[in-house]
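J.: Listed below, chain by chain, are the residues.
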Amino acid sequence: MEPLTWTGPIGQFLDPVLYVLAAIFAVALVAQIVLGVATGGARVTTNPDGTLSSAGGPYDLAATATRWVGVGLVGVVLLYILAGVFGGPGMAGIIGGMSQQLIPVWVALVLTYVLSIRYKRKLGLYGKLFDSTVGMIGFALVMFWVYAGVMAGLFDWITTHESLSQVSGMKNKVPGTPLRGAEEGEYAWYLLGGDNLARDVFSRLFKGAWVVVQIAPLATLFAFMVGITLGLPAGYYGGRLDTVLSFLANLILAFPVILLFYLLVTPEIVATGIPNYMATVLFIFPLIFVAVLLNSRYYTQPSFRTPLLIVVLGVLGWIYLSLISDGGSKVAVLPEFLDLFDIDPGILVVFVSVVFVNAPTVFRIVRGLALDIKTRDYVAAAQTRGEGPWYIMLWEILPNARGPLIVDFCLRIGYTTILLGTLGFFGLGLESESPDWGTTINAGRRLLSVYPHAAIAPALSLLTLVLGLNLLADGLREESLKD
Amino acid sequence: MGLFILRRLGVMLLTALCLTFIVFFLTNLYPNLEKLAKTQGNFRMSDEAVASWLGDRGYIDNTFVKYGRWLGVAPGWVTEKEDGTVTGQCFDEDMPVEERPTFCGVIQGDWGFSLVFKDEVGSLVATRLAATGKLMGFVLLVMVPMSLLVGVLAGMREGSGLDRSLSTFSIATTATPEYVSGVIFIAVFASSAFGLKWFKGSATQAIENATFENFTLPVITIALYGMGYIARMTRASMTEVMTAQYIRTARLKGVSFGNIVLKHALRNALIAPFTVIMLQIPWLLNGVVIVETLFNYKGFGWLLVQAAGNNDIELLLAVSVVSVVVVLITQLISDIGYVFLNPRIRIS
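Chains W and C supply the protein sequences, listed in that same order.
Heads up: the first sequence at position 117 corresponds to 836 in this note's numbering, and the numbers run straight through without jumps.
Heads up: the second sequence at position 174 corresponds to 160 in this note's numbering, and the numbers run straight through without jumps.
One should not assume that every hint holds.
[What the hints assert, rightly or not] Partial selection, computed: residues in chain W whose CB lies under 10 Å from chain C: (1) V853; (2) M855; (3) E881; (4) Y955; (5) G957; (6) V1011; (7) T1141; (8) A1174.
Just so you know, these hints were derived from the structure itself, not from any lab.
Backbone N, C-alpha and C define an ideal beta-carbon position, used for all residues, glycine too.
Excised from the complex, chain C in its bound form (with noise of 0.2 Å):
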């Protein structure tokens, strides 16, 4: 088992490696970095002067020694100008010559500086990851619960009318993207012009002061879409657990319908859903970008969009290597998870 979890440590940081390379890689392709000085320094800067503000700032140099800037292994940049002022990565100009460090990179603990918000990306994240953080916890108080219960309640008798409609229902929650129902649900219970105003169309406040009134449909909005899924599978789970041999034999027992579900099937038919919970999450997090965007809830998602839509390098790095750690770590929770809750796996 140690050895499994080191392999795929090994994997998950390798992952991690590749996949920051390519968002580096396509960040500083030319016509990004072009953009980018343009954006910082004027508009109508000439070819040579883009190229000299790229240079003074060690844009140019290879990418594979920019990455390793970046990753804190290779020396970060120190440029000369010509009338003696020297500017590097990793200090300010007053600082003493003799403190100044030589490498400065996520290694270090240094994220870097956001050229969009004007702070250090480590801050800028973290402050926005909690905030998803708490409408993330809300959604999973509301989607597992809900899901497992549709998914038990449909499995328990396949085939019935409660099946057949509880099934429909998650059918459609999975046809539902977030954007189709985020804008649903803003026009029916938001909009005047269907004078239902019970909820608030914007979550801008729920950041500070989270209400029934501003957090209710994001909230709402991301469940539904995973719901449907996790409930299928629930119930999928449920429906052979149900025709197992065990039950069959409760049953001649004369075990009460109720005593059979809740005792005897529903341990067992838990443990694929937990498997799919977790792989659930990552998606959520694609959910959390559209909502956070349609809800104007300024967290991690919203980041996303901001960074990306920006060339904001640093930034986009910070929030791609959160994101990556975040789908390799449910990856490997819920591998894990899954041999602790399966003896049937764990003594093979």
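Chain W with its partners taken away, still in its complex shape (with noise of 0.2 Å):
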């Protein structure tokens, strides 16, 4: 079997097409920069019946030339993925051999977005994304990862070979190098080469995809809802309340982060159980915050109010007993029978000490909010009801500061990720051989200089994903900025 190119026989045909118009929307880009400087960019004139059209001049055809020359490029990258979902890595090499794995990844995401489109007027702030090109760009990046890693982590749809499977004289090999000796059914290559235990980089990218888009949604959610609990009532209060946890906001915030986490998940400490112990304080506060959400607005009605917590309750403190307790480690106050799932130790403490990180710049952001709010006449008119304190925080204040915490919330899952990233990168936590991007590209940059492949592929991945979520949230600031 002949190793693959990276864009196999279209990309004869193709691959000048792209140099040549990639170069032209390089420079066209950099004339359209340096004449908006020069002129002072788009000029208008105004035409007698009060309408504006453009007045011409090199500036607007360097613009023109970008916008055009741009949608041109997306067509022939576009080209490239449509005739490796059909032909497959026979026909567009190692970009098509990855299309092809990745049609219901490509199934997924045009459906997502037709529907969205189409309906876009009915829903709400999430519609309005759709309003906005860099926040579509975003949103279909985030979406792309999420989709492979749901695929690849529960389904088993998209990766080639198993993630941990070694294969004699795969070592190292560079991307596209063809298996000796392939039996039926197996695939025949290494998409994006083996890394140095001769293991499939390609495959193990989209099982690192889930890990991440397992951990960090879930973890900055938690720091939410802690940040939320402490960060309305310090806002809302005031006075020793506000100093106290604004002081530990700050503590926390002063420790070097790399340094927490060395102290936080080396092994030793794990056996003292205390991120344990951090866990089941930690993880209370969903639990508290539903409770106080729930009770604030029904307790007028007993008769409602009282079931309702008493099966919420229920269900999320059975969920958080089973979280918490585990067979071997510190805290187990479940018996086994009635535990639900354990969770694997390693990923309990790097879960944890991620919350533990976020939690006070979340606290902070909602106390910023909070005090902001509190002097509005909404509240103010809620006092003279006669509301309850925590009627006020959650049911008036938080709904009112939800634009802002959305978009940071984006903001957050990317800088969850980067932490992950790092946790990964410096070894710890995740156990070694573990497919998540930081301790992939751990274990690459030993041989970077001379086999770069095994760390760019998930450095690269991290990358998209994180840009992805920076655009999503500017997309979503700018609409919500709208209203």
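With the hints as a guide, dock the two chains, each given alone in a separate frame, to form the complex.
T.: Okay, here's the thing in structure tokens:
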């Protein structure tokens, strides 16, 4: 079997086109920027009927060129992907092979976009996202990794080989190397090459996406629960409570993150059970949050409130107890047969430390928002109506702070992803054979100057995911400011 | 103002005490001490041997007492063995009895002894800090002018093509953590796979002899991640200033656009970025740890990783004191500087 080239036979026609277009695009973009500074950007003329039209000139020419060549570039890239979907690696090389493996992701993405754009007026803030180009690009990048992670992790669809299986002769092989003596039914290439233990980089990449997609949003959500539950009263009541909580938050923020990780995640500390105790404390905040949220709303109707609280808290409490109690660890309050699931202790420790690092920043944001919003008239109105402080905090202040909080949530998932990568990069927490991106980068960096492909693939994936989240946050901010 | 600074210094001291105590507590947990005893003594020590090794060196005492000793407010440990030899924290065996000090802690200027590097912690941290200072200096030299330039150019005309391309650039840099950009830079500019061997992938030699070839990649890697955030803040501040009344007045008076930006807008637009730059320095510290590990530059961040990885208690404490002091001092400077730069706050 021949080794694959990056773009395969179709590349012989498309590659020159791509290069020429990219060169033109770069020249046009530079020209647009230089002309923009030199001539003062787009000029418009006012027509007699009051409408505006473009006055033309070199700047407009460059702007038009950038736009159309940009569209052309995207078109060529789509051609590669389509060729790959239908022709596979035989037609479009490595790109084709990858795009064929990713067919379910493409289908899911196209469906999401078609449905969302079709019904965008009925979907609130989510629908408005599709009015902003930046937001759409960001959302596409994020959803690509979410779909890819879920499909690779839950259904085993995208991956071509087992993420831990080693194939002899594939150590450090470059992308597109065929397997020696591949059997029937086995995928015949290592699409993105082999790593230093002869495992398939491509499959590990998508298995790693699953780890990130699982931990990052959930950890951010927990950090938000903790930050909101503590930040609202700190901002609303002020006084001594605020001083103490702010001092604690600043204390954690003054720690260098990496030192904190080293102190929390080493095996000796894990043996003392400190991360488990921290989990016990941190994970109770969502419970408190939900309980106070429901109670403050429905305490006037005890006949409805009491059963609701019992059911909700019962379910959440059970999940909480099975989350924190773990067979071998220090905190084992729940007997084995009631324990719903066991979290891998490595993942739990990573999860706890990431929540712990993120919560103080969320606290500061929520506190600032609460300080600002509590001076508004509708809060005064609620106070006059005789609403309790927790009702005001959770049902008056919090919904009105949602805009900045949603934007920050997106940014913070990206930041959490970066933190997870940092942990992996220092070899903390997750086991060394874990496919997550940080650990893979750490494993690949030793041979970076000779075989960079094993480290570059996860590095670029992390970059695109975080970039997508940042762009998504930017789009959301833009759209939420418009109302 | 004096009272404000005094209060901030008080809070700083309290924060530093709390933080060092947390570090002290975590590093002095028994499993950590056991590992320490086994690495320093030998790996096949029995539990009793470990306990007596630790007991002889004062590790078993109450955490508060031990912390007091480290601070220098509690007398150092003194152990008299059965054969009559006396060992102590504050003196060597051959020191005359009457010259032996009772206290030896941070207050007395004694930062302790690193068990991994077999050296005084004070001098160790000082040399490594100097190396990192060099790195940070170059980073700031690259990062600050670049990010201010990007931010001002982007914020000058909101919504223009220039603004959009520069904003995308700054978002992209904030989305690229150091370990990603560092890996990409090494792969592209220093590996044989791409063939462009312009720079070196290791900065070990840069401590004595920093050259363009071995120091560019680490500096650029740290600077790039910090740059995006400062640039975005500068852009936000610049766009706000550009919509202010006095800019419109200047425009209506017929002042040229270049003059408006340079003489009228710039000075006001640079107040907010100053705070951001100061607050960014503690974040740079994080980047420094990653980059020093990646490029094998033996500075402060590298020391932190070594100390934390080997549970070198006294070294780790000194490292955390330094980093906490850096964080708190930059916060203080940013607060005071903001008041001085912004006359609106100073007057009210």
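J.: If a hint holds in the structure, say so; if it doesn't, say that too.
T.: To see whether the hints hold, each was checked on the structure:
no.: 1; hint: V853; verdict: 8 Å, holds
no.: 2; hint: M855; verdict: 14 Å, violated
no.: 3; hint: E881; verdict: 25 Å, violated
no.: 4; hint: Y955; verdict: 23 Å, violated
no.: 5; hint: G957; verdict: 18 Å, violated
no.: 6; hint: V1011; verdict: 29 Å, violated
no.: 7; hint: T1141; verdict: 7 Å, holds
no.: 8; hint: A1174; verdict: 5 Å, holds
Comparing the model with each earlier hint shows violations of hints 2, 3, 4, 5, 6; every other hint is respected.
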